[in-house]
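Please take these sequences and the hints and turn them into a complete structure.
Mapping of the sequence shown onto the working numbering: position 93 corresponds to residue 93, and the numbering continues sequentially without gaps.
Heads up, some of the hints might be wrong.
The following label-pair restraints were derived from C-beta to C-beta distances [as the list claims (entries may be wrong)]:
(1) I104 <-> A35: 49 to 55 Å
(2) D63 <-> A37: 39 to 45 Å
(3) E32 <-> K125: 46 to 52 Å
(4) A41 <-> K135: 25 to 31 Å
(5) A37 <-> E57: 28 to 34 Å
(6) I81 <-> I104: 21 to 27 Å
Below, a list of computed lysine to any residue pairs in the SDA-like style, where the Cα atoms sit at most 25 Å apart [said to hold, decoys possible]:
(7) K118 <-> L67
(8) K135 <-> D69
(9) K111 <-> E32
(10) K135 <-> P95
(11) K125 <-> A44
Since the hints were made in silico from the structure, they are not lab data. Glycine included, each C-beta is placed from N, C-alpha and C at the ideal position.
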Amino acid sequence: MKKLILLSAGLTAVLLTGCSFEKENPTFKLDEVTAQAEDFADKAEEFGDKVAEAKTELGKLADQRKLDDKDQENIVDQIAIMLEAFNDFKQEDAPFLTKTAKKIVIEEMNKVQVDLKKIQNKAEKGKATRADLEKIDELLSGKEIDIL
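Have a look at this one:
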């Protein structure tokens, strides 16, 4: 009971002395968070699009009997595009609500990245095979949409 009286007296004293409490401008914070969320969504969409495009390009190669030097170079390029998009995505600031989702995406893609780099190294040496292309397809199967 004493605490309640002291709290009431303290609050009354603050109100009578004319002190005011200013809230931060909530509109400004909302605009900032909205802009950050839009930037993050754009980067996530760009990442998903690049993965989908690379997967489509590599899918065209999977139908060929033999992969020539040009095909090997294309594999290297497409994997480089995906890895660059992934690194750009990792750099993007995520709003509070999407930080957990971003963390999950990064953990999954870090696992995929290791295998992609191995296949990229094989293609640089001209030794990538159709099985490697199938592995890429398996690694990315559904990820261009599901993870984002």
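Going through the hints against the structure:
no., hint, verdict
1, I104 <-> A35: 49 to 55 Å, "violated (23 Å)"
2, D63 <-> A37: 39 to 45 Å, "holds (40 Å)"
3, E32 <-> K125: 46 to 52 Å, "holds (48 Å)"
4, A41 <-> K135: 25 to 31 Å, "holds (30 Å)"
5, A37 <-> E57: 28 to 34 Å, "holds (30 Å)"
6, I81 <-> I104: 21 to 27 Å, "holds (22 Å)"
7, K118 <-> L67, "holds (17 Å)"
8, K135 <-> D69, "holds (19 Å)"
9, K111 <-> E32, "violated (33 Å)"
10, K135 <-> P95, "violated (33 Å)"
11, K125 <-> A44, "violated (32 Å)"
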